[in-house]
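There are 2 protein chains.
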Amino acid sequence: MSPDARDVLYVVKNISLLIIGHLPDIEFIKMNYKLILRFFGTLLLVETAALLIAALVSLIYKEHDIVYFLISSAISFVVGISCILSGRNAKLQIGKREGSLVVTFTWIVFSLFGLLPYWLSGSIPSFTDAFFETISGFTTTGASILNNIEELSYGMLFWRSLTHWIGGLGIIVLSLALLPVFGMSATQLFAAEAAGPTKDKIHPKINETAKRLFLIYLLLTTAQTVLLRIGGMTWFDALCQSFGTVATGGFSTKQASIAYWDSAYIQYIIIIFMILSGVNFSLYYFGFKNKFSKIKENEELKYYLILLFSATIVIVLSQIDFSSALSFSKVEQAWRDSLFTVSSLMTTTGFGTADYVQWHHFTWIILLIVMITGASAGSTSGAIKMVRIVIVFKYCYYEFKRIIHPNAVLPVRYSGHIVREDVITRVLAFVLLYLITIAFGILVLNISGMGFEESIGGLIACLGGVGPGLGELGPMGNYAAIPDFSKWFLSFIMLVGRLELFTVLLLFTPAFWKK
Amino acid sequence: MSPDARDVLYVVKNISLLIIGHLPDIEFIKMNYKLILRFFGTLLLVETAALLIAALVSLIYKEHDIVYFLISSAISFVVGISCILSGRNAKLQIGKREGSLVVTFTWIVFSLFGLLPYWLSGSIPSFTDAFFETISGFTTTGASILNNIEELSYGMLFWRSLTHWIGGLGIIVLSLALLPVFGMSATQLFAAEAAGPTKDKIHPKINETAKRLFLIYLLLTTAQTVLLRIGGMTWFDALCQSFGTVATGGFSTKQASIAYWDSAYIQYIIIIFMILSGVNFSLYYFGFKNKFSKIKENEELKYYLILLFSATIVIVLSQIDFSSALSFSKVEQAWRDSLFTVSSLMTTTGFGTADYVQWHHFTWIILLIVMITGASAGSTSGAIKMVRIVIVFKYCYYEFKRIIHPNAVLPVRYSGHIVREDVITRVLAFVLLYLITIAFGILVLNISGMGFEESIGGLIACLGGVGPGLGELGPMGNYAAIPDFSKWFLSFIMLVGRLELFTVLLLFTPAFWKK
Chain A
53 MSPDARDVLY
63 VVKNISLLII
73 GHLPDIEFIK
83 MNYKLILRFF
93 GTLLLVETAA
103 LLIAALVSLI
113 YKEHDIVYFL
123 ISSAISFVVG
133 ISCILSGRNA
143 KLQIGKREGS
153 LVVTFTWIVF
163 SLFGLLPYWL
173 SGSIPSFTDA
183 FFETISGFTT
193 TGASILNNIE
203 ELSYGMLFWR
213 SLTHWIGGLG
223 IIVLSLALLP
233 VFGMSATQLF
243 AAEAAGPTKD
253 KIHPKINETA
263 KRLFLIYLLL
273 TTAQTVLLRI
283 GGMTWFDALC
293 QSFGTVATGG
303 FSTKQASIAY
313 WDSAYIQYII
323 IIFMILSGVN
333 FSLYYFGFKN
343 KFSKIKENEE
353 LKYYLILLFS
363 ATIVIVLSQI
373 DFSSALSFSK
383 VEQAWRDSLF
393 TVSSLMTTTG
403 FGTADYVQWH
413 HFTWIILLIV
423 MITGASAGST
433 SGAIKMVRIV
443 IVFKYCYYEF
453 KRIIHPNAVL
463 PVRYSGHIVR
473 EDVITRVLAF
483 VLLYLITIAF
493 GILVLNISGM
503 GFEESIGGLI
513 ACLGGVGPGL
523 GELGPMGNYA
533 AIPDFSKWFL
543 SFIMLVGRLE
553 LFTVLLLFTP
563 AFWKK
Chain B
53 MSPDARDVLY
63 VVKNISLLII
73 GHLPDIEFIK
83 MNYKLILRFF
93 GTLLLVETAA
103 LLIAALVSLI
113 YKEHDIVYFL
123 ISSAISFVVG
133 ISCILSGRNA
143 KLQIGKREGS
153 LVVTFTWIVF
163 SLFGLLPYWL
173 SGSIPSFTDA
183 FFETISGFTT
193 TGASILNNIE
203 ELSYGMLFWR
213 SLTHWIGGLG
223 IIVLSLALLP
233 VFGMSATQLF
243 AAEAAGPTKD
253 KIHPKINETA
263 KRLFLIYLLL
273 TTAQTVLLRI
283 GGMTWFDALC
293 QSFGTVATGG
303 FSTKQASIAY
313 WDSAYIQYII
323 IIFMILSGVN
333 FSLYYFGFKN
343 KFSKIKENEE
353 LKYYLILLFS
363 ATIVIVLSQI
373 DFSSALSFSK
383 VEQAWRDSLF
393 TVSSLMTTTG
403 FGTADYVQWH
413 HFTWIILLIV
423 MITGASAGST
433 SGAIKMVRIV
443 IVFKYCYYEF
453 KRIIHPNAVL
463 PVRYSGHIVR
473 EDVITRVLAF
483 VLLYLITIAF
493 GILVLNISGM
503 GFEESIGGLI
513 ACLGGVGPGL
523 GELGPMGNYA
533 AIPDFSKWFL
543 SFIMLVGRLE
553 LFTVLLLFTP
563 AFWKK
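Chains as they are written, first to last, in the working numbering: chain A, 53 to 567; chain B, 53 to 567.
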């Protein structure tokens with residue numbers, strides 16, 4: 053691994069730990085602006101490479117859009133190299149407050165350079181729209197402002213899907229450090245050996261872990277691409293849908309999303325891979341290591357699957373007309389549509405095969421609930437995550453037990469371990485802050501001129517990184533018609549949700565700016 | 053005070069403490085069924101007395117309905133006396149689980165006997181409707197199924213308002229014991245002297261405190277009645293509206309609610325008394341004792357008023373048309389309507405002067421938010437209560453500060469005191485459980501056949517004890533048209549909300565029924 057890449061990982065790791073504030077025993081030193089520049093410079097080189105891959109796709113399909121990819125990558129490269137050169141003497145020093153700024157701006161900088169191909173080529177003429185579409189890609193949300201997706205060139209479609217894949221990878225690496233929130237450090241999850249987090253040990257550990265995660269991510273993408281190709285998709289479509297699935301993004305290459313492929317095989321493959329992408333990636337690692345007991349005792353996985361299938365069954369029952377004769381094909385269709393929709397929304401992917409806006413109103417509420425819970429921590433999915441939901445419910449139940457047995461010591465257990473009281477409090481605070489953000493955000497959207505249903509659906513969908521919402525923002529609609537202000541606000545909300553609230557919201561507290 | 057009344061207070065106090073499970077140092081002993089019978093018997097004698105007062109009103113107005121009040125009170129008396137006689141040898145023994153059952157059934161028993169006048173007289177022919185209307189009264193909710201309120205006789209109207217007043221009084225007495233949830237015991241609030249809660253000391257303390265609260269309650273009711281009479285209401289209307297205000301209930305004697313009295317004086321008087329009824333009653337006690345510093349440092353009062361007036365100002369601004377000339381009367385009307393509506397919904401009263409369903413959609417969200425926050429603990433208002441909201445926000449902000457200063461000890465302070473970590477966790481859990489109940493309840497209502505807006509508004513309004521919701525359940529509509537199942541479910545929800553969730557929900561946990 054190059055020294056620069058190592059720096060990036062080191063910085064990401066430490067910044068994340070800073071943001072979480074969970075491991076105060078690690079020494080933190082003040083970051084200088086040179087290092088920030090060098091960091092962003094390195095990131096821009098990564099983006100340059102990504103833009104060149106999109107250019108290659110345009111080359112293969114002999115498209116004029118190759119020009120815009122080359123221009124964009126040139127801009128990205130020049131700015132990137134300048135940043136690295138201005139920061140070449142930087143020492144590895146990280147300040148406390150800068151961490152939050154850097155992580156937030158990583159997504160903003162990526163989006164500002166990533167929108168260039170859309171905007172320069174005129175594929176998305178409005179700057180606001182281009183930014184919305186790009187940050188929606190990088191945050192793996194999948195909310196789109198495009199009225200006709202198939203109008204775009206292959207290069208643009210590929211770039212659109214690639215933003216998902218890059219964003220998903222970024223989150224997986226970041227969540228390495230975010231996992232300690234739940235009282236389990238990344239090292240604990242990825243290696244059985246107890247490791248004291250000394251400064252020297254972080255380097256090899258995080259490199260090793262990052263490599264493993266990347267391999268799992270790559271493996272899922274490859275497997276899905278091949279399986280979709282077998283089902284009759286072109287290689288291009290297969291790869292792009294896989295990018296959208298594994299990153300739980302939801303951008304498709306077709307206007308009708310997955311409904312375009314009227315094949316049970318293809319739809320079931322995508323269902324399976326959506327569900328797989330909502331699982332904590334560390335469980336795959338345990339699987340490879342034959343540690344199946346670790347997978348079996350993982351409560352997040354258990355409740356994730358229970359909620360997913362329960363919600364599906366309720367929705368299936370609401371769609372079957374029991375007064376007429378039941379045929380296998382009808383039941384299968386209802387089952388597939390329901391399972392697809394629930395999997396898509398709960399894993400915060402956002403692909404569509406059926407227009408759930410047309411379903412019974414009460415199914416909307418079930419769908420909104422799974423959009424708020426999300427899938428597992430340590431996956432690419434967004435929203436609250438099941439681990440937090442499970443802890444909230446366990447704690448509430450513990451409160452009931454405490455009323456009956458006031459003197460008994462009844463600790464909350466998660467996956468066989470006792471959850472510390474301060475971790476519980478923090479989880480409860482996170483979930484509450486998430487719900488407060490929803491209420492506040494709906495209010496802002498509604499004031500900005502969006503409808504009642506659109507405000508509710510749009511806010512929950514963007515905060516959770518889902519994509520489609522309710523009303524005109526449903527799976528067959530898009531975000532094109534909402535006011536510009538709402539688009540900027542929702543871009544902000546996508547970032548807030550993707551970075552687990554505190555990272556971004558911290559910048560808006562007086563405490564952050566006070567000495 | 054009679055020995056029976058003393059028993060009732062003793063039982064209420066200990067049961068409440070049991071439910072809260074907050075003072076495990078008090079000895080609890082197993083309750084026998086004889087005491088439960090004697091307890092309910094005594095309560096039924098109270099209800100008999102209340103029914104006789106309503107009979108007196110019918111007598112004054114020479115109404116035929118007096119017959120039904122006499123029959124109802126006779127039934128209540130006979131059952132009550134039988135219960136007391138069968139339980140005459142009972143010892144003062146309280147079991148752990150029975151407490152939750154007894155408090156819950158107090159409201160149910162009161163409602164079952166309280167519905168008799170409506171049902172027997174045919175004023176409300178449907179049993180479901182009569183139960184809904186009565187429990188809505190006793191829980192001080194104020195949700196009505198009546199399509200033409202003014203059709204009712206004076207006796208029935210009086211009884212309807214009296215159920216509010218009795219329910220409000222019950223909650224004030226119960227909240228004596230509920231206050232310790234927030235880390236301050238009732239004795240601490242009502243007397244400066246630190247008192248070790250020994251078994252012997254409870255009797256005089258609780259009697260003393262109950263007397264004081266009752267006096268404040270009576271004083272507020274009397275003052276409002278006189279002031280409304282001065283404004284031109286009849287004594288009858290003045291008394292009934294005061295019952296509805298002080299109990300934060302919301303039943304009016306007029307179909308148009310307070311809009312019937314098109315008098316700024318009357319409406320402002322009701323606004324003032326709604327706001328006063330949302331204040332912790334112990335603060336009035338401090339006021340009488342000239343301890344104004346205690347009132348000044350009370351953060352719940354501060355944030356209650358800040359939120360109330362901020363919400364009002366935003367709504368006023370949304371109603372004024374700045375493009376046309378502003379007149380004083382227009383602005384005053386907008387101000388009065390907005391302040392009335394916000395005060396009415398935030399204190400969970402539910403009186404109406406304007407149809408907010410016709411206002412800008414975003415004001416609905418503001419109104420839903422204040423319906424969820426509620427007013428102060430220790431008042432008759434329902435919902436979450438501001439003290440919990442304040443603690444949630446303070447804790448969230450503390451989390452942000454902790455990220456920046458991971459090693460600093462930053463305790464959450466409330467009204468000058470440090471809030472213990474376990475109290476914070478419990479408050480967070482309560483608020484989350486409240487929000488979970490909202491989500492689950494909306495789903496049930498929606499499945500039962502109610503519309504999207506009606507489900508959201510109706511659930512939040514009934515859980516918080518507000519009354520009017522959204523859509524057809526708005527201030528100019530009512531609950532008559534919703535399905536029977538929804539009426540029973542909402543009756544249950546009113547009870548759950550009124551008894552602060554845990555009391556009622558506890559009965560549905562396996563832990564409650566396990567040995």
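Please keep in mind that the hints were generated in silico from the structure rather than gathered at the bench. Bear in mind that the values here come from a model prediction, so they are computed numbers and not experimental data. Treat the hints with care, since some could be wrong.
Covered by chain B, per the in silico footprint, the following chain A stretches (three or more residues, Cβ under 8 Å) [to be verified]: (1) 90–101; (2) 211–220; (3) 432–443; (4) 449–456; (5) 462–476; (6) 480–493.
List time: in silico DSS-like cross-link candidates among lysine-lysine, alpha-carbon distance up to 30 Å [to be verified]: (7) B:K343 / B:K354; (8) A:K346 / A:K453; (9) B:K306 / A:K446; (10) B:K263 / B:K86; (11) A:K86 / B:K453; (12) A:K446 / B:K263; (13) B:K382 / B:K263; (14) A:K382 / A:K263; (15) A:K453 / B:K306; (16) A:K453 / B:K86; (17) A:K453 / A:K348; (18) B:K341 / B:K114; (19) A:K446 / A:K343; (20) B:K341 / B:K354; (21) A:K354 / A:K343.
Each residue gets a CB set at the ideal place from its N, CA and C atoms; glycine is no exception.
Status of each hint after checking the structure:
{"no.": "1", "hint": "90–101", "result": "violated (count 0)"}
{"no.": "2", "hint": "211–220", "result": "violated (count 0)"}
{"no.": "3", "hint": "432–443", "result": "violated (count 0)"}
{"no.": "4", "hint": "449–456", "result": "holds (count 7)"}
{"no.": "5", "hint": "462–476", "result": "holds (count 3)"}
{"no.": "6", "hint": "480–493", "result": "holds (count 8)"}
{"no.": "7", "hint": "B:K343 / B:K354", "result": "holds, 16 Å"}
{"no.": "8", "hint": "A:K346 / A:K453", "result": "holds, 28 Å"}
{"no.": "9", "hint": "B:K306 / A:K446", "result": "violated, 47 Å"}
{"no.": "10", "hint": "B:K263 / B:K86", "result": "holds, 27 Å"}
{"no.": "11", "hint": "A:K86 / B:K453", "result": "holds, 26 Å"}
{"no.": "12", "hint": "A:K446 / B:K263", "result": "violated, 40 Å"}
{"no.": "13", "hint": "B:K382 / B:K263", "result": "violated, 45 Å"}
{"no.": "14", "hint": "A:K382 / A:K263", "result": "violated, 45 Å"}
{"no.": "15", "hint": "A:K453 / B:K306", "result": "violated, 46 Å"}
{"no.": "16", "hint": "A:K453 / B:K86", "result": "holds, 26 Å"}
{"no.": "17", "hint": "A:K453 / A:K348", "result": "holds, 26 Å"}
{"no.": "18", "hint": "B:K341 / B:K114", "result": "violated, 45 Å"}
{"no.": "19", "hint": "A:K446 / A:K343", "result": "holds, 26 Å"}
{"no.": "20", "hint": "B:K341 / B:K354", "result": "holds, 20 Å"}
{"no.": "21", "hint": "A:K354 / A:K343", "result": "holds, 16 Å"}
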